[in-house]
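S.K.: One-letter residues, chain by chain:
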Amino acid sequence: MSVDYARAEARPSLARRARRRPALVVVAVLFVVVIVLLVWSSKPQDYTAFSPENTAGDGARAAAEILRTQGVEVRKAESLGSTRIGDPATTTLVIAEPHLLQEFQVEALLDYPGDLVTLGVDDATLRLANTGLVSTYADATTVSLASCRAEDALAAQQVEAGPWGVSGTPAQGVTTCFPTDRGAATYVDLERDAGRLTILASPEIVTNDRLAQEGNAALTLRTLGRHPSVVWYVADGFDSSVPTWEGGDGIAPPEAVPVSPDFLPPGTLPAAFALGLAVLVTAMWRARRFGPLVREPLPVVVRASEATRGRARLYRRARAAGRAGAAMRAHAARNIGPRLGVPRTAGADALVDAICRATGRNRADVTDLLYGPPPASDADLMTLTTELDRLESEVHRP
Amino acid sequence: MYLTGWTALLAALGAVPAMWSTGRSFAWAWVLGVLALAAIDAWIAPRATDVGVRRNAPRAVRLTESTTAGLEIANLSRRRMRLSLRDAWQPSAGAGDTRHRLRLAAGEAAVLHTTLTPTRRGDRVADRVTVRISGPMRLAGRQRSIEAPGVVRVLPEFASRRHLPSRLARLREIDGQSAVQLKGAGAEFDSLREYVIGDDVRSLDWRASARRGEVLVRTYRPERDRRVLTVLDTSRLSAARVGDAPRLDAGIEATLLLSALAARAGDRVQVTAFDRSERARVAGMTGPAMMPALADALATVQPALIEPDWPAVARLVQGRLSQRALVVILTTVDVSAVDSGLLDTVRALTREHVVVVASVEDPEEAAMLAGREDVTAVYGAAAAARSALERDTVAMRLRQLGAEVVQAGPDDLAPAVADRYLALKAAGRL
Numbered sequence: 001m002s003v004d005y006a007r008a009e010a011r012p013s014l015a016r017r018a019r020r021r022p023a024l025v026v027v028a029v030l031f032v033v034v035i036v037l038l039v040w041s042s043k044p045q046d047y048t049a050f051s052p053e054n055t056a057g058d059g060a061r062a063a064a065e066i067l068r069t070q071g072v073e074v075r076k077a078e079s080l081g082s083t084r085i086g087d088p089a090t091t092t093l094v095i096a097e098p099h100l101l102q103e104f105q106v107e108a109l110l111d112y113p114g115d116l117v118t119l120g121v122d123d124a125t126l127r128l129a130n131t132g133l134v135s136t137y138a139d140a141t142t143v144s145l146a147s148c149r150a151e152d153a154l155a156a157q158q159v160e161a162g163p164w165g166v167s168g169t170p171a172q173g174v175t176t177c178f179p180t181d182r183g184a185a186t187y188v189d190l191e192r193d194a195g196r197l198t199i200l201a202s203p204e205i206v207t208n209d210r211l212a213q214e215g216n217a218a219l220t221l222r223t224l225g226r227h228p229s230v231v232w233y234v235a236d237g238f239d240s241s242v243p244t245w246e247g248g249d250g251i252a253p254p255e256a257v258p259v260s261p262d263f264l265p266p267g268t269l270p271a272a273f274a275l276g277l278a279v280l281v282t283a284m285w286r287a288r289r290f291g292p293l294v295r296e297p298l299p300v301v302v303r304a305s306e307a308t309r310g311r312a313r314l315y316r317r318a319r320a321a322g323r324a325g326a327a328m329r330a331h332a333a334r335n336i337g338p339r340l341g342v343p344r345t346a347g348a349d350a351l352v353d354a355i356c357r358a359t360g361r362n363r364a365d366v367t368d369l370l371y372g373p374p375p376a377s378d379a380d381l382m383t384l385t386t387e388l389d390r391l392e393s394e395v396h397r398p
Numbered sequence: 399m400y401l402t403g404w405t406a407l408l409a410a411l412g413a414v415p416a417m418w419s420t421g422r423s424f425a426w427a428w429v430l431g432v433l434a435l436a437a438i439d440a441w442i443a444p445r446a447t448d449v450g451v452r453r454n455a456p457r458a459v460r461l462t463e464s465t466t467a468g469l470e471i472a473n474l475s476r477r478r479m480r481l482s483l484r485d486a487w488q489p490s491a492g493a494g495d496t497r498h499r500l501r502l503a504a505g506e507a508a509v510l511h512t513t514l515t516p517t518r519r520g521d522r523v524a525d526r527v528t529v530r531i532s533g534p535m536r537l538a539g540r541q542r543s544i545e546a547p548g549v550v551r552v553l554p555e556f557a558s559r560r561h562l563p564s565r566l567a568r569l570r571e572i573d574g575q576s577a578v579q580l581k582g583a584g585a586e587f588d589s590l591r592e593y594v595i596g597d598d599v600r601s602l603d604w605r606a607s608a609r610r611g612e613v614l615v616r617t618y619r620p621e622r623d624r625r626v627l628t629v630l631d632t633s634r635l636s637a638a639r640v641g642d643a644p645r646l647d648a649g650i651e652a653t654l655l656l657s658a659l660a661a662r663a664g665d666r667v668q669v670t671a672f673d674r675s676e677r678a679r680v681a682g683m684t685g686p687a688m689m690p691a692l693a694d695a696l697a698t699v700q701p702a703l704i705e706p707d708w709p710a711v712a713r714l715v716q717g718r719l720s721q722r723a724l725v726v727i728l729t730t731v732d733v734s735a736v737d738s739g740l741l742d743t744v745r746a747l748t749r750e751h752v753v754v755v756a757s758v759e760d761p762e763e764a765a766m767l768a769g770r771e772d773v774t775a776v777y778g779a780a781a782a783a784r785s786a787l788e789r790d791t792v793a794m795r796l797r798q799l800g801a802e803v804v805q806a807g808p809d810d811l812a813p814a815v816a817d818r819y820l821a822l823k824a825a826g827r828l
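Residue numbers (the numbering used here), protein chains in the order written: chain A, 1 to 398; chain X, 399 to 828.
Hints are computed from structural coordinates only; laboratory data are not their basis. Ideal Cβ placement from N, Cα and C applies to all residues, glycine included. There are no misleading hints in this set.
Partial selection, computed: residues in chain A whose CB lies under 8 Å from chain X:
id, residue
1, Gly267
2, Leu275
3, Phe290
4, Pro292
According to the in silico footprint, chain A covers these stretches of chain X (three or more CB under 8 Å from chain A):
id, segment
5, 420 to 434
6, 485 to 496
7, 522 to 530
8, 541 to 554
9, 628 to 640
10, 760 to 769
11, 779 to 793
Start from the sequences, fold in the hints, and give me the full structure.
M.R.: Pasting the structure below:
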């Protein structure tokens, strides 16, 4: 085996490199630890509107926290099926955004043997609960007085109502409060067979942004804090389960659930995520270059005619027809002179004479063509050029 | 370390079991597992330091021709290796297929070939050899680049050598070696021979006739052992592109043809490439070694973006030549020649030597001169006419100084210079 092979230099081992630069290792370890801690401690931020964990303006974390400090246990349910209420008699079931529920879910909710509060209004609930009311929409929010006999509403005195509300003639036993001047009400309270149903038609009352306004807080806390525990569910349209509680069997979900078209098979999201990670691995595979790029010292590449082209552009921009015409004339004379045996040193007369003899042209014409006034415009220049070309071709004709 | 496509495929296969999982933890676990497996695979692959490479590049190749560069690769470890390898060359070396795959048993060596078709004159250098050693699972491996210097010198194309046979035939005619009779050719006395009817009576040698008692005439032949010095201008103007190549390349072609012709004619050839300092020099070479030496010296000459130092050229020429010689200056006849001192240099040189100034004309300008389509083209024609007149003036000044001026396009310059040389030789002016 010969010894003159070129070989890659042995790189110092990882341990030796670490020993040489201990600070680097410490920094790297700290970095990893901080990242792990951050990932570990960070809960996924809740951005769902009316969620009791959402701290943003449209969340309801403030209301939930106040209830908790008052000794009410607030639990958020991720799906209706996971409500699993132990004692319906002491538990308020809060449903936010009920318009996203399907009808069989509303039916099941109305069977709940305890207090039910909906944050928001939908016609299915109003109809199935026989309230005789329908939902309406007004563009504005107005501050309205309770104007009814419900204790909770009277305690709140006045709230910000709208834009959603209910209107119509309430059925027997249905109380509506906080009417606006357009006749819509914002608070609906009725006794069902199983328990009370309270509808906050403008759910913005409970949000972090608006809780401190008017009597919003009083209405919210009194409505939600009747019992020592609250189960809070925010409808999302993808959940097709029904609520469950101790002692009740609820209503079995129908065999065929009407699904929206983007309702995907259950494993799709994890599989798509795995594919996404595989794309990252593919990027790592493709990103590794097979050796470094090779430098190419490039030569200077300027066309030799660049200066002439620049001069042509200058002529054109300056509309220097006279100067261009003079160049064309001189060039034509230079071409014709040697052809007719006229030396360069000979004067203009000698050249004109020779041309007249060769072509039989009028002397005045030739003089005017070669030594006349300079062309004044582009059109004159074109004409002059054509004339000069014709003269040259006549001279060159044998 | 590098990953292979198998790793990506294996990572993508994780999507199938992920369909029965909930959440993202399974996908993370799968991908991290695959990456860990790849890392292990790379770790247990043979060490990259156990690969030895040795270049076996050809010394030189003529431009437009192809050659193969050899690369010997050896497995210096005690394990089998599965390798892929990139033999990197700079792009203008025109390396064809630079990537190779091979398996090497322990201690085995193999020779790989990379085809080179260089696209530019000069020294084309090889870059590092990058080696990838695959791990046993083929998921990943080790990658290292090994310094393996190599150079291929790309010689000038010498496309004008196709003009050489016709010029040599012409040279033989002048020389009297061919059957064609050429009266008055040459100026150097060759021999005496008997008068035959038809000979020019002016060439009778009366003294010899008196001594021998018969009528003798002198015969002449072209001078031999004359000095021909070619000065190749490598300054700013030689960098401009004419057609597809810089002006300098046309000058090199002309130098090669003229030198080949002059060497055959028995003259002593010297070549120098000069801008502000001497970039290449060939002198004192004769016989078959001269042309390769000349091509080798001119191969690496590149245009420099500086003004030429013409007085220095005059001093250099006068220092090199002790007797009357033909000095061919390959440059550009341009208005700037007046300022740069070319005229003074030519004036100084024509006192002792025969000077030929050869200039590369731009065919693009000739095309501009004929433009008549619209006003823009006519203005272009006027600008080209003005340039041509200016060049004419400079050429006339040069002729007035006693220099011969050759102006031709890039492809015609070499034969034009050769023809001028032959004409001077036939006229006995050397």
